[in-house]
Structures are given as structure tokens and as C-alpha cells.
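Q: Read off the chains here:
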Amino acid sequence: MSLFNEFSKGLYEKNPVFRLALGLCPTLAVSNSIENAIGMGLAATFVLVCSNVIVSMMRKAVPNKIRIPIYIVVIATFVTIVDLVLEATRYELHKSLGLFIPLIVVNCIILGRAEAFAGKNGVVRSFVDGLGMGIGFTLALLVLGFVRELLGDGKLIGISILGEAFKPVLLLILPPGAFLTLGIFLGLFNWIDIKRSK
Amino acid sequence: MKEIFKLAGILMLVTAVASSALSIVNNLTKDEIEKQKRKAVKASLAVALPISARNAIHPIKKGDKILYYKGYAPEDTTRLNGYAFLAIGKGYSSKIKTMVGVDTTGKICGIKIISQKETPGLGTKIEKIDFQEQFKNKIAEDLKVVPKQTAEREGGIGSITGATISSKAVTKSIRIAIDTTLALIRAEKDNL
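Chains as they are written, first to last, in the working numbering: chain B, -7 to 190; chain P, 131 to 322.
Bear in mind the hints are in silico, worked out from the structure with no lab data behind them. Among the hints, a few may not be true.
[Said to hold, decoys possible] Just a few of them, taken from the derived set where beta-carbon distance is under 10 Å, the chain P residues facing chain B:
(1) ILE140
(2) THR145
(3) VAL147
(4) VAL155
(5) GLU162
(6) SER245
(7) ILE259
[To be verified] Taking lysine-lysine and the DSSO-like style, the derived pairs with C-alpha atoms no more than 30 Å apart in a straight line are:
(8) P:LYS298 / B:LYS147
(9) B:LYS159 / P:LYS220
(10) P:LYS169 / B:LYS159
(11) P:LYS258 / P:LYS247
(12) P:LYS160 / P:LYS227
(13) B:LYS147 / P:LYS220
(14) P:LYS195 / B:LYS87
(15) P:LYS255 / B:LYS87
(16) P:LYS298 / P:LYS237
(17) P:LYS195 / P:LYS247
(18) B:LYS147 / P:LYS242
(19) B:LYS6 / B:LYS190
(20) B:LYS87 / P:LYS266
(21) P:LYS169 / B:LYS147
(22) P:LYS298 / B:LYS159
(23) B:LYS87 / P:LYS247
(24) P:LYS255 / B:LYS147
(25) P:LYS160 / B:LYS87
(26) P:LYS169 / B:LYS87
(27) B:LYS187 / B:LYS1
(28) P:LYS132 / B:LYS57
(29) P:LYS302 / P:LYS225
(30) P:LYS169 / P:LYS192
(31) P:LYS220 / P:LYS247
(32) B:LYS112 / P:LYS132
(33) P:LYS302 / P:LYS274
(34) P:LYS227 / B:LYS87
(35) P:LYS227 / B:LYS147
(36) P:LYS132 / B:LYS159
The beta-carbon is built from N, C-alpha and C at its ideal position, and this holds for glycine as well.
Could you put the whole structure together from the sequences, leaning on the hints where they help?
A: Here it is in C-alpha cells:
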């Protein structure tokens, strides 16, 4: 598989949220606005790329029996770094993402890619895979955040778009709205797949 | 047996590298994080106590804990003209922290919501200026949550549509904080 394909598979063919259905917990929780979606997406992408690179670099030295605890230490280290750096430089964003940053540790996309890809492939490929998957995750959050913020609050990036006359569908920014929107998108992607394979 | 030591050794090595990396990052960011936190508190004090001079609001501590702040007048920084303190209340889905400023008679000068994680789009509206402005010039006894229309006619705090619990939580926490802090200040004066 070419390097470009390794990157682009994360965007659509193997999009972690819409196709692999991984990392749904943070997806449901922080897709209520575009700002949160971007913040969470970029933080997770950074951790994913770094952990993929390190895991790939260590793959020959890591004994098979203890690979999972080692992966988790690597991931947790990068998450803590992101947490501290964000708090020091983007205090407001750090406040609004709150608990979800430490939870990147258990985002199964990251451990999933370490186990399924970076532990078996070279550094460059792992880097590209992490980047593609991370951007795919960010895009998925953005799509959901766009729909939920626009219809649920009448705004985009905090700026009123639909005006006063529009009555926001509050349900969409509440947790059930996350399930509904995600479900519709999963269905849509499956439908496109079925159409194409015919 | 030998294998166990080998595995434990590798694991220890990995965690040692990870923790040294973290201690470096922690050292680099520690001061900046402290600075950001202080900046946030300072900004909220300026909103809560606009009558005091920005640089003359001093914390009164008991041990490490800040009990309240004393604010001094801009034209005469030896004249005490207000107090500021934190009100913490349990909202719908989070603890709501508010900085409250009162003058020496106990009348509210301003409030500023510092942190909350209420329902986005509903409870988060407590951060809106119009809601927080309502508290100005009220004393603890005036702090009752009523429907918006009633508040315009008869006074009180107009609740936010769809966020009654959050509105009530903020109001109640402020009422309690004013009562307890003023009692504390009176008790301190009596002791002198």
C-alpha cells in the first residue's frame, strides 16, 4: 500500500468513528460544538501520532507479553504532556475540554492503532497512519459538531447563524442528540457502501 | 524466573524514561499554569469589585486557604470599600463557582461565574451578562429566583428559561456565601 493510501484510509475507508466505530465515548461527549470538536480532535491527533511513532520505534525491543502496559505508559505520557501544555497556553480551551483530555488515555483509537498498526509497521508508515486516523477522527467530530451546534444552538463557532426566529432543537446538543446524529451518519455511510457495492 | 526479571526490567526502564520526560514538561509549564490561574482570578475580581482599585484587592488567608478578599478604594488605597469571595453551589450537572463582590454594607457590586459545566445551550446561559447584571445592587435577602416577567415588575432574580436549576443554584450559593462571609467578617471585628 502506498504512503498516501496509508494516510487517506483514515479519512474515509477506515474512518475511526464512522467506519471502525472506535472512540465513540469522546465522540459522543465533545461533539456538541465546533470549538470543542477541533480542540479534542487536535489533542487526540497529536497523541496518536506521537504514540504511533514511539511504539513503532520500540516494536523490536518490546517483549510481546508486556506490550500492552508499555503502550499505555507511552500514551499516558503524551496525554499528560498535552494536558499540561494546553493548560499553560490555552487556558480557556483547557477549561472547556476539562475531563476529556485525561480520557484520551483510554481512547481506544490510540491503543487500537498501536496494537493493530504501529506495533507491526515502520516508523514512517506509522506516523502517516496516525496522522490520517487522527485527522479522520477530527473530521468526524467536526461533522457531528457542525450539525449539533447549528441545529441545537443556532450557532457556528459561537456566532449566531440562524437568527432569533429559529428555535433551537435543544435535544441535539444534549447527550441523546449525540446518539441520534451519530446513528444517522453511520446509517448514511453504510447506505453509501451498499449502493457502491451493487 | 529469569524472564520475569527481564520483563520487569524493561517495564521499569520504560516508566523511568516516561516519568523523567514528564517531570521536564511539568517544570517548563508549572509557572505558566500558575500565572494563568492567577490571571483568571484577577480578571474575575475586577468584575466582582469594580468599585475597588484593580491592584488593591488583597486576599485574607487562613493557612493556605483564601477566606475572602478585601478591596480598597481607587482614590484612597487605605480605605476599605468592599469584599469579594467565592460562592460554590451545586448546579444541574456541575459545581458552579462564582466570584461575588459586595460593598461594606453588603450590597452586591458584581458577580462573575468562574467555572461551571452545565448543560451546553441551557445552563451555560448563566454566563450571560444580562443574567449576572441582575445581581447588582441587591442584598442577600433580595436574592430569590422568580419568573423573568415577575423579576422585571417586582424585583428578584429572573430565572433562565430551561435552566431553572442552574439559576437557582447560582442564586442560592451567592446568598449563602454573602451571609457566611459577612458573619465571618463581623466576628473578626468583634475579636479585635
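Q: Compare the structure with the hints numbered earlier in the document and write down the numbers of the violated ones, lowest to highest.
A: Violated hints (numbers, rising): 7, 10 and 36; every other hint is consistent with the structure.
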